[in-house]
Structures are given as structure tokens and as C-alpha cells.
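Student: Each chain, letter by letter, is given below.
There are 2 protein chains.
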Amino acid sequence: MEVTVLGCSSATPTSSRCPSGQVLSISGHLYLIDCGEGTQFQLRKLHINFMRIECIFITHSHGDHVFGLIGLLSTMSLLNRTTKLTIFCHPKLEEMLRPQIAFFCENISFELEFVSLRYDRPQVLQEVKTVYVKTIPLRHRIDTCGFLFREQKKDPNIKSEAIFKYGLTIADIVSIKNGHPYYDTMTGEEVDRTELVREAPEPKSFAYISDTIYYPAIVDEIRGVSLLYHEATFMSDLSELAAKTMHSTSRQAAQIAKMAEVKKLIIGHFSSRYSETDALEAEAQEEFPDTTAVYDGFRIVF
Amino acid sequence: MEVTVLGCSSATPTSSRCPSGQVLSISGHLYLIDCGEGTQFQLRKLHINFMRIECIFITHSHGDHVFGLIGLLSTMSLLNRTTKLTIFCHPKLEEMLRPQIAFFCENISFELEFVSLRYDRPQVLQEVKTVYVKTIPLRHRIDTCGFLFREQKKDPNIKSEAIFKYGLTIADIVSIKNGHPYYDTMTGEEVDRTELVREAPEPKSFAYISDTIYYPAIVDEIRGVSLLYHEATFMSDLSELAAKTMHSTSRQAAQIAKMAEVKKLIIGHFSSRYSETDALEAEAQEEFPDTTAVYDGFRIVF
Chain A
0 MEVTVLGCSS
10 ATPTSSRCPS
20 GQVLSISGHL
30 YLIDCGEGTQ
40 FQLRKLHINF
50 MRIECIFITH
60 SHGDHVFGLI
70 GLLSTMSLLN
80 RTTKLTIFCH
90 PKLEEMLRPQ
100 IAFFCENISF
110 ELEFVSLRYD
120 RPQVLQEVKT
130 VYVKTIPLRH
140 RIDTCGFLFR
150 EQKKDPNIKS
160 EAIFKYGLTI
170 ADIVSIKNGH
180 PYYDTMTGEE
190 VDRTELVREA
200 PEPKSFAYIS
210 DTIYYPAIVD
220 EIRGVSLLYH
230 EATFMSDLSE
240 LAAKTMHSTS
250 RQAAQIAKMA
260 EVKKLIIGHF
270 SSRYSETDAL
280 EAEAQEEFPD
290 TTAVYDGFRI
300 VF
Chain B
0 MEVTVLGCSS
10 ATPTSSRCPS
20 GQVLSISGHL
30 YLIDCGEGTQ
40 FQLRKLHINF
50 MRIECIFITH
60 SHGDHVFGLI
70 GLLSTMSLLN
80 RTTKLTIFCH
90 PKLEEMLRPQ
100 IAFFCENISF
110 ELEFVSLRYD
120 RPQVLQEVKT
130 VYVKTIPLRH
140 RIDTCGFLFR
150 EQKKDPNIKS
160 EAIFKYGLTI
170 ADIVSIKNGH
180 PYYDTMTGEE
190 VDRTELVREA
200 PEPKSFAYIS
210 DTIYYPAIVD
220 EIRGVSLLYH
230 EATFMSDLSE
240 LAAKTMHSTS
250 RQAAQIAKMA
260 EVKKLIIGHF
270 SSRYSETDAL
280 EAEAQEEFPD
290 TTAVYDGFRI
300 VF
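Those sequence lines, one after another, are chains A and B. Be aware that the first sequence starts at 0, since it is given in numbering that gives the first Met the number 0, and climbs by one per residue. Be aware that the second sequence starts at 0, since it is given in numbering that gives the first Met the number 0, and climbs by one per residue.
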């Protein structure tokens, strides 16, 4: 899995930070999460082939998370994309986008599907062989949800030496992969599983949590994820402003990470008042040491 | 007068060129012409105080000229702009923007006025003491117009030595400024005008011509302007494609400049196929030597 940060500003972008957007590469699939203005430029600068993006997940319909959509769709159409694209978003955002698409992307070159999100409880959005995606309802000024992306457990690999030693058939291999015991046809004894298979690595997972007030109700939903992105708009001295605007502080993001026992935390969505983010990172690290404050272009493989 | 280029790509932006947008500073007024995606970032990077922009002039409603509007308006409102902003554009664009503004810029902090453009003949948009602005209808795939901006002729300055020598009154000064002759009260003879006034410098003018097929009908409208910006999407070897998509070649832009006897030509709106623009510039210079191919961040004072 790989996450690339396209933008990490909050509502008002700065000269060094674009609005929200991240690209997740998971088991060969490319997903875009949020799409602030300039997303198409950032994708280009970071050499991400945006024609390969299969789905766009929009947390909520504030401008800094969606103003890049129409430009991206328009460019995809100008470049003659033909593969289907799915956008998961609020039904009202679809209602806002449809007339723009009709007006600006005449004869759009690809199929565009909108899937409406719900915000009252978690909703499974995808459950295919390789990937599982669900929503995590958040608490912000408007309907908002985060997303949990999880690789599906991969089949174990059958060891080639075992195939030769026991003369395994296709039926045997499928049975072993499905977890059934295997009995040596010569001796009738069960063969130790470790002799037969190499287990696939543990599936990785990524939770994207933005925008939200400090909201410990999500902890069970994101427990143990490999990587958590949590918004950290302010530092703790502005916790009242954070609560009023329904955002989180850096410390609160780290507290969530700690309670959820995640493997690593990255923070973003920084207020434009912070030209440097070292202090935000340091504050979070007091609660959760393995925290990194991201920047535009930040990339992590995990 | 000063022009700053925010973006000079055509429909599909590149990693080094943003979509269309220019800022004109004229007699203390700040005008934005076209507003492609990322305009607010470019304004910020180029240290242009976008809260000072008084008017936005939109040539036509293609995405690469307008996708930055909603983000810019939203940021202006978030930063609590209070002065009125006027947008000159197609009525259909207003119709597209109004619901977005209502949805994304709740309680917008400033007065926003839309002025509908017409495309069948030139239309005077502003005629105030310092500035005169009118449209120049163009020929593109949809309703499109360019804009002519002209400083108004400034009053001459009365020489202070003349004020003392002849004991000029306020009434005398107004009369002289208005071009009337002045008679020496002692001798009764007309005083030579050059002894009384220093004439103001010739008013400067700027014409912005994008997007359009080669269209010599505009020549009379832009005759003798101090600076002409003309789109040059393609080079001459693609003149058929230019005609088909209703754009101009670099050579055609220069031919217009030559016929109109403008003082200087800048070209932009380059197709993404050109990573370098030297050849476009060279082609134009064959027709009109004083041509410059612009780049994002290009600035010219004239």
C-alpha cells in the first residue's frame, strides 16, 4: 500500500500547501480521496497517472475537498479516458456536479457513476477479492465521513517443493489454500501445514479521518490500522476554536491514534496560520511518538 | 500598466503551465482576466493581493478559463472580503455559478455583481475617469469575447512657475486643463500652451484576445494598442487543427499584431504538446519581431 499526499492545507490554501487530496495505491488499485482545487496539477507534478484512478472518495462537500473535481473530470474527458470512474459522495454534491459536467464536459468520454454515501452508520462501499472499503461517520459541520481501506487476506502460496514431493493435484492445492488439512497419500498421515504453504503477509489497512471534531467513537472502527491519517487543523492552545469549527487539534489526533493502537499516524489539514508544522508534529508525538506531519508530495509505502 | 500572467496553458494544463488567467493593474485598479483552476494559488505565489481585485472579466465559459472562480470566491469570503466584486461573463456562467456560491459560500461576505456580456458587437463595460474597457467579439466554438483596456487621457499638469508668473486662479487652471487658451492679464496676449502645461503621457492600452480562430475583423478594434495578448495555441504546421478547433497559430497571432500595428505582442494559451515555447515565439517573430512567448509568472510593465 502506498499513500501520496497531494495537499494538506485546511480551508484556505497557502503558497506551500494545496487543499485536501490523497492518492492510495492498494493491491494494484488507484483511489483518490478528496479532491481540492489543483488536484489535477498535483497528480501531474507527482507523476501519478490519473487515468488509472478507479474511484474517488469524497469525505464531505466543503470546497477545499471538492473544487478540483470538475477540472479533473474535464481533463480526463479531454484526454479521452474510456474506463469507468466511480465517485462516492454526498447526494447533494452529485446534484451540484451533474449540471457542471453536462455544461463543461460535453460528450464526456467515459462512464461516470455516483454512489451516494450515508452518514448515520458505517457503510461497506467495496468488498472485492483484494480490497475492502467502508465509511466511518465523523462529526463535522456538515455530513462527513472518513474511510477505512483494508487489503483482503491473500491466499497462502503453496511451496513448489511440496507440490513435487506429494504430487499435489489442482484439487489438493485449492483445498490446502482454503485451509483444509492434507494427508500424505502414501502414509495417510496429516502433513504439517508449514511444510505445504507460505502464508501471505498480514493485510495492511489505512484509515482517512478528515474533517472532524475530536471523536473517540471512531476508535473501534480504526483499531490497529497500519496507517492512520487524522486531521490536525490546530494546536492545543486553540482547542476552543477547534471545537467551535468542529476540527481536531494535533494532540487530539494523536490521542485517537493511541487509543486505537494504530501502527503509525500522519497528520495534515493544517490551518494557514502555521507556516511551519514542526510544532504540530511535536505536540502529537508527545501522545503518539510515531507521528509524521505531512507535506504536499509526502509519500509513504507500508 | 502592468500585466502578470498566472497561467498560459490551453485546455489541458501541464506540469509547468496553469490554465488561463492574467492580472492587469491599470491606474491603480486591479483586474483579473479569465480564471482557470488554480488562479488563487498563482495569485498567492506571485504575491498579488487578490482582495484588491475589483473586477473579473471572463472571455468565455470553457473550463480552462473559469474553473478557478468558485475557489477564488470561496477564499475571498473565508478571508472576509467586504468590498464589492464584479464579474463580467456569459449569463449562462452566472447561472452555473449561482447555485455553487449558495452551496459552498454560505453567507458570502461581500457583494457580488454579475454583468452579462453580449457577443454580437463591442460593448463598453466601464468608462470612468481613469479607465475605459470594452469587449471585442471573437470567433470560437462558443460565445467568446476579448477585452480592450485603455487608460483615459490624463489632464495635463499646470507648471508651477506659470502659476506664480501669471497669478493663475483655480478658475484659470481648470480652464487651461480643459484646453482653453489663456491670455496674459497684463499684455492681453495669448500665452503659449507649452509655457503653461506639461502634457500627461499618452494613455496606454492592453488588448486580451483569447480564444479565437484567426479573425482579422478585430484589427480595427485593437489598432495601435501598447500591448496585445493573443492566443497562439498551435504552430503553423497545425493550422488545420487550429481552424478545426477554432484556435490561432503563432504566426496568425503575429499577423494580427502586424496588421493592427500594436506596440508589442505577447502570446500564450499553448497546447500541452509544446513543452518548450521557443519555436512558437520564433515563428511569431518572423511576422512581428517584438513578440514574447509568456510563461506562468511572466510580468510586464508598459
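None of these hints come from the bench; they were simulated from the model. Keep in mind that the hints are not guaranteed to be accurate.
Same chains, same names: a pair is fine if it fits in one copy or spans any two.
Said to hold, decoys possible - For lysine-lysine, the following DSBU-like pairs were computed, each having C-alpha atoms within a straight-line distance of at most 35 Å: (1) Lys243 x Lys83; (2) Lys91 x Lys44; (3) Lys153 x Lys91; (4) Lys243 x Lys164.
Student: Each hint: holds or not?
Tutor: Hints versus structure:
no., hint, result
1, Lys243 x Lys83, "between (40 Å within a copy, 29 Å between copies)"
2, Lys91 x Lys44, "both (31 Å within a copy, 33 Å between copies)"
3, Lys153 x Lys91, "neither (37 Å within a copy, 52 Å between copies)"
4, Lys243 x Lys164, "neither (67 Å within a copy, 69 Å between copies)"
Of the numbered hints given earlier, the model fails hints 3 and 4; all others are met.
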